[in-house]
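Residue numbers (my numbering), protein chains in the order written: chain S, 1 to 149; chain Y, 1001 to 1319.
Where hints are given, some of them may not hold.
Said to hold, decoys possible - Below 27 Å or equal to it, Euclidean Cα-Cα: the simulated DSS-like pairs (lysine-lysine) are: (1) Y:Lys1066 - Y:Lys1268; (2) Y:Lys1145 - S:Lys36; (3) S:Lys69 - S:Lys19; (4) S:Lys101 - Y:Lys1056.
Stated by the list, open to error - Stretches of chain Y that chain S covers, calculated by requiring three or more beta carbons in the stretch to come under 8 Å of a beta carbon on chain S: (5) 1088-1096; (6) 1134-1142.
None of these hints come from the bench; they were simulated from the model. Glycine included, every Cβ here is placed at the ideal spot set by N, Cα and C.
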Amino acid sequence: MNAQFLTSGDRKKLLEELKEIYGIDNVDYLFIQTNKERIRAFSGSLGRDEILELDSMTRIELLGTYFAKPEYGARLSFDMTQILASKITKSFIELTAEQAKEWMRGNGLALASEKGIHVMHHGEDFLGVGYSDGEKLWNFVPKERRYRK
Amino acid sequence: MPYEMKPLFEERMRMLMPDREDFDAFNKIVHTGPRSFIRCNTLKMEPEHLLARLRKRWEVIQPFAKYPEIMLVTSDLGPGELGSCIEHLLGYYYIQEISSMMSVLALEPRPGELVLDLCASPGSKTTQIAAKMENSGTLIANDIKIDRIKILSANLERCGVSNAIVTRDDAVGLCMRLAKRGWKFDRILLDAPCSGEGTLRSSPKTFLMWNVKVVQNLGRQQMKLIANAIKCLKKDGVLVYSTCTHSPEENEAVVNFALERFPVEIEKIHLPIKCRTGVESWKENKYSSEVAKACRIYPQDNDTEGFFLCKMRLKEEVE
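Required output: the full structure, derived from the provided sequences and hints.
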């Protein structure tokens, strides 16, 4: 497995970032960090020792789901904004239907907003996060999830 | 020009469907495209909510009250239309042929269980299992080829599956190692690689590629797979064996092999679509009468693809 379990210190730091940026109070996942610097979250019942035992028997390609990247604090993955939607309490930007369409094409938006990470949504649809430099929102929608041109 | 059945394939299908009208209905429907079934991904959205959204765009029905997550889009759709709409991009539903959903309905995975999906790619059944488990317990999803694992992984991400561990291994070897280390599962899905005779509607090239030697070779491989999978079951654990093919060599013969060698019993499956019983003999081979409890899904019975499935329970643990 090309990944390491997050140390208790790193886990604590991640949870603090989630609280500070998104207002997320608690998440009950086992976190690992991959070589690509991605943090993945596992909600399964196997513990660390059992996962390591499994890893000694076979090749583990993937564990749990892509959770966040440790940049701009913690940049939540596209799908995690949907899974954690009910727990996110701040940093939202509500998009119009036209803006949401543009966003889902993978384009940035010329929207002035506070510098930092924001959770983009159109109504009940959570569309990942964007990074604002104050004047523009940078898009992180994964290529395979965008509207096809 | 439409593809035609190879003579030997036709002869075998006529043996399975001796009634002429029945065979004609089969022959007719396999030359038509499949219907557009989808499955609501309950990890991200409630079925009624998705239905209300989709009905603003298409005509959609829920064919089975007991399984509201299963939906059929009856509107005429353009190429790729189902896969490119926002609800699909956001992972609210999965495009899945209805007969392939039956394996997981038979498996009945529950939250908190330890489940093994041995030949998991591309992930339609894996994501369905994870939804039934409500992202709890642990689901080990295995496949052997890296390109297939990439598709599996993308589907797991899109559906928000977080209780799965994806492994890349030969299924027989993996089962041997798991069993040796005492890993035992509550439920195992063995959706075995097969000759694909049931997929003629979505994959007409199967008409050309079909070969009886492939059928025979696959039957032998499937026996190895089931023998090793059973060794990874807990006592009272459930194994669902399924294929998307009709050939008895890959279906009842494999089930019969398991019945002869392991303490397993076959359980009757109650599915929301019409199933025919498993065949008790094929050519010179006579199988246990128990194989009649297996389900054969023929395209002409439900306007679906073809499928086979059998649910087994382990009566005592195998060393």
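(request) Report the numbers of all earlier hints that the structure fails to satisfy, in ascending order. (result) none
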